[in-house]
Amino acid sequence: MSVETAAAPKKSLFTPFNLIATVILIAGLVVTVMRFTGGLGAVTNLDQNNPWGIWIGFDLMCGVALAAGGYTTSAACYLFGLKKYHAGVRPAILTAFLGYALVVFALGYDVGRPWRLPYPIFVQQGTTSLLFEVGLCVMLYLTVLFIEFTPALFEWLGMKKIRNIVVKMTLALTILGVVLSTLHQSSLGALFTIAPSKLHPLWYSQYLPVFFFVSSICAGMSMVIFEGTLSHKPMHHLMDKEYLDNHDGLILGFGKAASLVLFGYFAIKLIGLAYDNNWHYLTTGFGAWYLVEMLGFVALPSFLYAVGVRDRNLTVIRWAAGLTVLGIIVNRFNISMVAFNYQLPAAQRYFPSWGEITISLFVVTIGVLVFRFISTRMPIFYEHPDYKGEH
Amino acid sequence: MEFYTLQDYYTFTKGTIYLIMGGILVAATLYWRFLMGGNKKDD
Amino acid sequence: MLRRTFLGLLGAAGASAALVKPTQAGNKHFGPHPDTHGVLFDATRCIGCRQCELACNEVNELPAPDKPFDDLTVLDTERRTDEKTFTVVNKYQTAKGPVFRKTQCNHCLEPACASACFVRAFKKQPNGAVTYDASVCVGCRYCMVACPFSIPAYEYDEPLTPRVRKCTMCYPRLMEGKLPGCVEKCPKEALTFGLRTDLIQIARERISRYPEKYVDHIYGEHEMGGTSWMYLSGVPFSEIGMREDLGTASAPELTAGPLAAVPMVVGLWPVLLGGIYAVSKRNAKVANDERVKAVKSALTKAGEEAEKKLHEELGKAEQASQRRIEVEVKKAVEEALAPKEEDAGTNEEES
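Residue numbers (my numbering), protein chains in the order written: chain H, 1 to 391; chain L, 1 to 43; chain D, 1 to 351.
These are computed hints drawn from the structure, not numbers from a lab.
From the three backbone atoms N, C-alpha and C, an ideal C-beta is built for every residue, glycine too.
It is possible that some hints are incorrect.
[To be verified] Cross-link-like lysine-lysine pairs, in silico, BS3-like; alpha carbons within 25 Å at most:
1) D/Lys316 - D/Lys293
2) H/Lys83 - D/Lys96
3) D/Lys293 - L/Lys40
4) H/Lys83 - D/Lys309
5) H/Lys198 - H/Lys84
6) D/Lys185 - H/Lys83
7) D/Lys188 - L/Lys40
8) D/Lys308 - H/Lys168
9) H/Lys84 - D/Lys67
10) D/Lys316 - D/Lys296
11) L/Lys40 - D/Lys296
12) D/Lys330 - H/Lys198
13) D/Lys281 - H/Lys388
14) H/Lys256 - H/Lys241
15) H/Lys198 - H/Lys83
16) H/Lys168 - D/Lys285
17) D/Lys84 - D/Lys185
18) H/Lys198 - H/Lys388
19) L/Lys40 - H/Lys168
20) H/Lys84 - D/Lys330
21) D/Lys96 - D/Lys213
22) D/Lys96 - D/Lys84
23) H/Lys198 - D/Lys91
24) D/Lys285 - H/Lys388
25) H/Lys233 - H/Lys83
26) D/Lys91 - D/Lys67
27) D/Lys281 - H/Lys256
28) D/Lys296 - D/Lys285
29) L/Lys40 - D/Lys285
30) H/Lys83 - L/Lys40
31) D/Lys301 - D/Lys281
32) H/Lys83 - D/Lys316
33) D/Lys188 - D/Lys67
34) H/Lys83 - H/Lys168
35) H/Lys84 - D/Lys185
[Claimed, not checked] Below, a sample of chain D positions facing chain H; criterion: calculated Cβ distance under 10 Å:
36) Asn57
37) Pro148
38) Glu155
39) Thr161
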């Protein structure tokens with residue numbers, strides 16, 4: 001008897017979520033046809049001054065940053081030996097795997113010739129390019145994530161021997177995952193080091209790679225808390241004892257770590273300000289927005305996390321997580337679209353089109369639907385009875 | 001080997017470095033297994 | 001002279017401070033190739049006739065523009081290059097009256113587009129032209145992000161075969177020994193083609209011969225590491241739409257720091273993380289051993305205490321039973337002796 005029919009009550013297919021999702025899927029398919037028959041110009045607001053829009057700023061940059069829960073959770077459990085995170089590893093790895101897969105999927109819309117995406121690795125390597133670095137690492141990491149996901153798949157399919165082989169590789173995959181994540185998270189930031197004349201001084205820094213990497217740690221942990229909160233009710237019937245027992249501990253633990261890392265992130269951003277002697281920009285309009293980002297979306301959540309941890313108040317921690325996630329999105333948006341091309345007059349600035357927004361929603365919706373499909377069938381939130389305690 | 005631009009120089013050196021990086025990851029794995037092998041003794 | 005573009009002129013613009021300056025490249029001097037050619041544009045000679053735009057359009061077989069090239073009203077709006085236009089002339093109102101400036105790819109000595117391209121679609125040719133290879137281009141448009149002069153344009157309306165488009169310095173014509181189309185067509189000799197080193201000489205001579213006519217600066221001599229296409233102007237360059245805050249650090253120099261960090265991570269993270277794993281595993285093992293030991297000793301202690309108690313209880317029980325026996329024996333003896341005494345008593349009464 002499968003787990004869900006045993007535990008879940010019979011539900012109608014026509015839930016509000018499913019209906020909205022269907023609308024988005026249909027709209028997405030329409031825009032897809034338009035994109036590949038009319039070109040990027042037909043569906044986007046990209047132009048010669050603004051070559052990158054939300055498909056890069058949101059789907060790629062935010063997608064990668066927010067999928068960082070995979071490497072942070074697996075590192076916490078397998079490298080730092082913190083067993084209480086164990087039940088959180090599979091959901092985090094699944095989220096990360098789907099996140100990265102969708103990043104590549106979204107890139108298929110953005111680049112001019114998506115079938116040539118393998119070219120930089122297999123045909124002609126632009127090794128001086130930080131985008132080469134990003135592409136290579138994302139490809140490799142997607143492979144690592146897929147392999148890390150397969151034990152759940154194999155358990156579901158009853159393929160015991162290969163499942164055991166893969167599980168033996170956990171340590172190597174985890175270390176490789178952290179290495180690759182460090183590299184591509186930081187390189188996404190480093191992409192912008194090539195254009196100091198186009199990025200507002202408050203956001204431009206030679207430390208951009210460090211900023212992106214450190215903030216990805218905060219993003220990952222906060223996303224694990226955030227979507228652990230989102231999935232708690234709908235997936236509750238699937239969660240086994242280990243997951244439920246450790247759930248609160250995981251939130252407290254990540255809350256504590258996130259508070260500390262956010263503090264560190266704030267500190268190094270401060271150093272970056274001083275290094276480039278950019279204090280006078282703080283009194284400008286952009287400066288005000290920079291302060292909103294730093295104080296409202298870095299310092300504040302760090303403090304809220306700390307308060308939540310001290311008082312063991314999970315609600316406060318959850319709010320801090322949501323604020324951090326929002327802050328990461330604000331930061332990536334700032335660097336790729338708001339502070340980028342700051343020198344252009346308002347008439348030449350970029351704003352996303354409906355087509356771009358549709359595809360971004362389309363991509364996220366697919367992610368949620370696939371996540372739901374997999375986690376309601378495979379041992380993600382629970383341990384498969386045949387393999388109990390074998391991790 | 002003459003490089004006329006920094007760009008050409010970096011293309012060459014970074015290319016070499018990427019290959020070495022791949023080798024490092026393989027070698028690290030093998031070396032780890034070598035290091036952690038041996039008689040496991042409680043000390 | 002040109003070597004100096006690579007010798008630590010990084011402090012020029014604040015934003016070009018490098019985090020990690022790879023000292024190897026910092027001390028090395030590179031090129032440019034001795035055959036590097038360029039074009040010198042003299043803004044004091046340009047009359048904004050747009051014949052260069054026409055020539056470029058013809059030579060590159062570009063589609064006809066919306067407004068013909070002899071329509072000078074287009075100069076009233078500032079234009080930029082696009083996917084059908086490799087070069088544009090713009091008009092700027094300055095203190096010295098209207099000044100015209102032609103813009104196109106500057107064919108940088110260290111092109112940002114070449115540095116940024118992850119399939120090496122751009123190449124700085126030995127003769128100075130920066131060429132683009134559409135056969136490998138994926139269309140990521142990072143080159144457009146990277147170019148400080150915002151030159152490359154993209155064919156956004158091409159669904160399946162979009163290309164990046166920009167001035168090629170008429171590379172095919174150069175290979176045939178011809179001049180670039182725009183240079184050949186210019187009626188005022190505002191464009192001069194030649195070896196870059198010669199052009200710099202020429203520019204210096206013009207400046208020294210007519211110091212009131214020219215601003216004492218050859219734009220492109222050092223900007224972004226130096227460009228093949230250089231400019232002379234009679235008014236400050238910022239007044240003719242040219243950025244003067246670009247600094248002299250080239251794109252490869254700007255990205256050298258982050259690029260250098262990458263292999264360090266690959267070399268060291270496995271060691272660091274492996275170490276963390278080993279230490280945490282060891283800690284877990286030690287903690288586990290201590291726990292096992294504590295449980296064992298607690299069990300032993302409990303066992304010993306139980307034994308001791310048992311022993312005591314047994315001893316006590318033994319003593320208790322001993323005493324009982326003694327009491328019984330004493331009682332028995334007393335009982336045995338008692339009748340004798342009674343007999344002795346009754347015998348005395350009888351006699």
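Comparing the hints with the structure gives:
1. D/Lys316 - D/Lys293: Not satisfied, since the Cα-Cα distance of roughly 34 Å exceeds 25 Å.
2. H/Lys83 - D/Lys96: Since the Cα atoms of H/Lys83 and D/Lys96 sit roughly 75 Å apart, the hinted pair is violated (cutoff 25 Å).
3. D/Lys293 - L/Lys40: Roughly 20 Å between the alpha carbons, so the hint for D/Lys293 and L/Lys40 holds.
4. H/Lys83 - D/Lys309: 41 Å, violated
5. H/Lys198 - H/Lys84: 45 Å, violated
6. D/Lys185 - H/Lys83: 75 Å, violated
7. D/Lys188 - L/Lys40: At roughly 86 Å apart (the allowed maximum being 25 Å), L/Lys40 and D/Lys188 break the hint.
8. D/Lys308 - H/Lys168: 49 Å, violated
9. H/Lys84 - D/Lys67: This hinted pair is violated, its Cα atoms lying about 70 Å apart.
10. D/Lys316 - D/Lys296: 30 Å, violated
11. L/Lys40 - D/Lys296: 23 Å, holds
12. D/Lys330 - H/Lys198: Given pair D/Lys330, H/Lys198 is violated - Cα atoms ~115 Å apart, limit 25 Å.
13. D/Lys281 - H/Lys388: 21 Å, holds
14. H/Lys256 - H/Lys241: 23 Å, holds
15. H/Lys198 - H/Lys83: 46 Å, violated
16. H/Lys168 - D/Lys285: Holds. H/Lys168 to D/Lys285 sits at ~19 Å (cutoff 25 Å).
17. D/Lys84 - D/Lys185: Status holds; Cα separation ~19 Å.
18. H/Lys198 - H/Lys388: 54 Å, violated
19. L/Lys40 - H/Lys168: 19 Å, holds
20. H/Lys84 - D/Lys330: Outside the cut-off at roughly 72 Å; violated.
21. D/Lys96 - D/Lys213: 10 Å, holds
22. D/Lys96 - D/Lys84: Violated. D/Lys96 to D/Lys84 sits at ~32 Å, over the 25 Å cutoff.
23. H/Lys198 - D/Lys91: 24 Å, holds
24. D/Lys285 - H/Lys388: 22 Å, holds
25. H/Lys233 - H/Lys83: Roughly 24 Å between the alpha carbons, so the hint for H/Lys233 and H/Lys83 holds.
26. D/Lys91 - D/Lys67: Holds, at about 16 Å.
27. D/Lys281 - H/Lys256: Answer holds: D/Lys281 to H/Lys256 is near 22 Å, not above 25 Å.
28. D/Lys296 - D/Lys285: 16 Å, holds
29. L/Lys40 - D/Lys285: 13 Å, holds
30. H/Lys83 - L/Lys40: 23 Å, holds
31. D/Lys301 - D/Lys281: Roughly 29 Å between the alpha carbons, so the hint for D/Lys301 and D/Lys281 is violated.
32. H/Lys83 - D/Lys316: It is violated: about 51 Å lies between the C-alpha atoms, which goes past 25 Å.
33. D/Lys188 - D/Lys67: 23 Å, holds
34. H/Lys83 - H/Lys168: It holds: about 17 Å lies between the C-alpha atoms, which stays within 25 Å.
35. H/Lys84 - D/Lys185: 75 Å, violated
36. Asn57: Violated, about 17 Å.
37. Pro148: Interface hint status for D/Pro148: holds (5 Å vs cutoff 10 Å).
38. Glu155: 7 Å, holds
39. Thr161: With a minimum Cβ separation of about 7 Å from chain H (threshold 10 Å), the hint on D/Thr161 holds.
The structure is inconsistent with the numbered hints 1, 2, 4, 5, 6, 7, 8, 9, 10, 12, 15, 18, 20, 22, 31, 32, 35, 36, although it conforms to all the rest.
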